[in-house]
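Peer 1: Sequence:
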Amino acid sequence: MDWTEIIVEIPTAQTETASAIAQMVVPYGIYIEDYANLETEVREIARIDLIDEELLQKDRSHSKIHIYIKPAENPMEAVSFLRERLEAEKIPYSIHTLQVKEEDWETTWQKYYHPMRVGRHMMICPSWETCTLAEGDLQITLNPGMAFGTGTHETTRLCMTLLEQHTAPDKTILDIGCGSGILAITGVLLGAKRAVGVDIDQLAVKVAEENAALNRVSDRTQFLLGDLTDQVSGQYDIICANIVADVIIRLLENIQTFMAPGAVLLCSGIIVEREPDVVSALQAHGFTVTNILHEGGWSAIECRLA
Numbered sequence: 340m341d342w343t344e345i346i347v348e349i350p351t352a353q354t355e356t357a358s359a360i361a362q363m364v365v366p367y368g369i370y371i372e373d374y375a376n377l378e379t380e381v382r383e384i385a386r387i388d389l390i391d392e393e394l395l396q397k398d399r400s401h402s403k404i405h406i407y408i409k410p411a412e413n414p415m416e417a418v419s420f421l422r423e424r425l426e427a428e429k430i431p432y433s434i435h436t437l438q439v440k441e442e443d444w445e446t447t448w449q450k451y452y453h454p455m456r457v458g459r460h461m462m463i464c465p466s467w468e469t470c471t472l473a474e475g476d477l478q479i480t481l482n483p484g485m486a487f488g489t490g491t492h493e494t495t496r497l498c499m500t501l502l503e504q505h506t507a508p509d510k511t512i513l514d515i516g517c518g519s520g521i522l523a524i525t526g527v528l529l530g531a532k533r534a535v536g537v538d539i540d541q542l543a544v545k546v547a548e549e550n551a552a553l554n555r556v557s558d559r560t561q562f563l564l565g566d567l568t569d570q571v572s573g574q575y576d577i578i579c580a581n582i583v584a585d586v587i588i589r590l591l592e593n594i595q596t597f598m599a600p601g602a603v604l605l606c607s608g609i610i611v612e613r614e615p616d617v618v619s620a621l622q623a624h625g626f627t628v629t630n631i632l633h634e635g636g637w638s639a640i641e642c643r644l645a
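Residue numbers (the working numbering): 340 to 645.
Please note that a few of the clues may not be correct.
[Unchecked claim] Pairs of lysine to aspartate or glutamate residues, derived as DMTMM-like cross-links and limited to a Cα-Cα distance of at most 20 angstroms, are as follows:
(1) 450 to 428
(2) 429 to 585
(3) 409 to 428
(4) 409 to 468
(5) 429 to 344
(6) 450 to 344
(7) 450 to 468
(8) 532 to 566
(9) 429 to 558
(10) 429 to 592
(11) 403 to 372
(12) 545 to 566
(13) 545 to 585
(14) 429 to 348
(15) 403 to 344
(16) 545 to 412
(17) 409 to 355
(18) 545 to 569
If you are wondering where the hints come from, they were derived from the structure by calculation, not from laboratory data. All values reported here derive from a predicted model rather than from experimental measurement.
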């Protein structure tokens with residue numbers, strides 16, 4: 340099986356932020372095409388004035404980020420992650436893959452996405468697979484479509500592990516950046532009374548609703564289209580924010596409004612290098628960190644208001 344090349348095109352002004360998001364997908368490097376300062380850089384680096392005509396015709400207003408995914412990894416999860424994070428940062432983009440056509444999306448998912456265990460008793464089962472459950476196992480059935488959050492990515496697994504520790508029958512859950520709906524759906528299947536998910540991506544909201552129906556929890560879940568909490572009302576016992584560090588920090592400005600007394604905030608999607616920044620921001624907003632989990636260069640932080 341060949342490597343998959345993912346090409347993300349963004350405005351040059353957004354290259355730095357977009358490349359930081361792309362670096363979260365793979366630890367082994369990315370390649371960036373950026374011709375915005377072509378003439379200056381050629382003269383400074385190569386010490387020449389004559390530039391190939393083909394280079395001069397390159398688009399100066401957009402950059403391209405090339406990401407290469409190993410055959411054993413899941414390119415669809417990478418694409419879904421990029422889409423959701425770029426939209427959360429309001430970065431205009433287009434994404435292309437060299438091996439995978441969009442109309443073949445579900446078929447390609449089936450090559451990489453298989454039943455997997457998360458936490459103590461959770462078994463994630465793709466809708467096209469049959470799962471063998473051990474005694475006490477909870478099955479979460481998913482068809483990811485084109486939304487992020489399948490359990491194959493460390494950020495989702497970490498957040499699910501924390502969610503399993505805190506969910507109880509009388510609890511309510513808010514899932515910010517819900518993607519496929521996996522966290523909200525898992526929370527309800529674990530016994531939570533009700534879960535609300537919100538995502539900036541209309542396609543993610545549609546996929547989440549479909550996954551809730553697959554798991555027969557539509558009556559206890561609701562999925563909203565909106566940016567962070569701008570469409571959210573009420574207070575919740577458990578709040579999940581599986582997004583990126585900068586967005587989590589921005590979220591802290593008003594998240595207390597949505598926290599019921601004694602509520603826990605579960606933050607994931609944080610690369611380990613940014614963990615100190617998030618912890619510092621949490622403490623500055625009156626939170627006490629009670630647990631931190633790590634996996635594959637990612638952090639998930641559990642905290643409560645002091």
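Peer 1: Hint by hint, note whether the structure agrees.
Peer 2: Hint-by-hint comparison with the structure:
no.: 1; hint: 450 to 428; result: 30 angstroms, violated
no.: 2; hint: 429 to 585; result: 13 angstroms, holds
no.: 3; hint: 409 to 428; result: 26 angstroms, violated
no.: 4; hint: 409 to 468; result: 23 angstroms, violated
no.: 5; hint: 429 to 344; result: 23 angstroms, violated
no.: 6; hint: 450 to 344; result: 16 angstroms, holds
no.: 7; hint: 450 to 468; result: 12 angstroms, holds
no.: 8; hint: 532 to 566; result: 24 angstroms, violated
no.: 9; hint: 429 to 558; result: 31 angstroms, violated
no.: 10; hint: 429 to 592; result: 19 angstroms, holds
no.: 11; hint: 403 to 372; result: 5 angstroms, holds
no.: 12; hint: 545 to 566; result: 16 angstroms, holds
no.: 13; hint: 545 to 585; result: 26 angstroms, violated
no.: 14; hint: 429 to 348; result: 14 angstroms, holds
no.: 15; hint: 403 to 344; result: 12 angstroms, holds
no.: 16; hint: 545 to 412; result: 26 angstroms, violated
no.: 17; hint: 409 to 355; result: 24 angstroms, violated
no.: 18; hint: 545 to 569; result: 19 angstroms, holds
Taken one by one, the earlier hints fail for this structure at numbers 1, 3, 4, 5, 8, 9, 13, 16 and 17, listed in ascending order.
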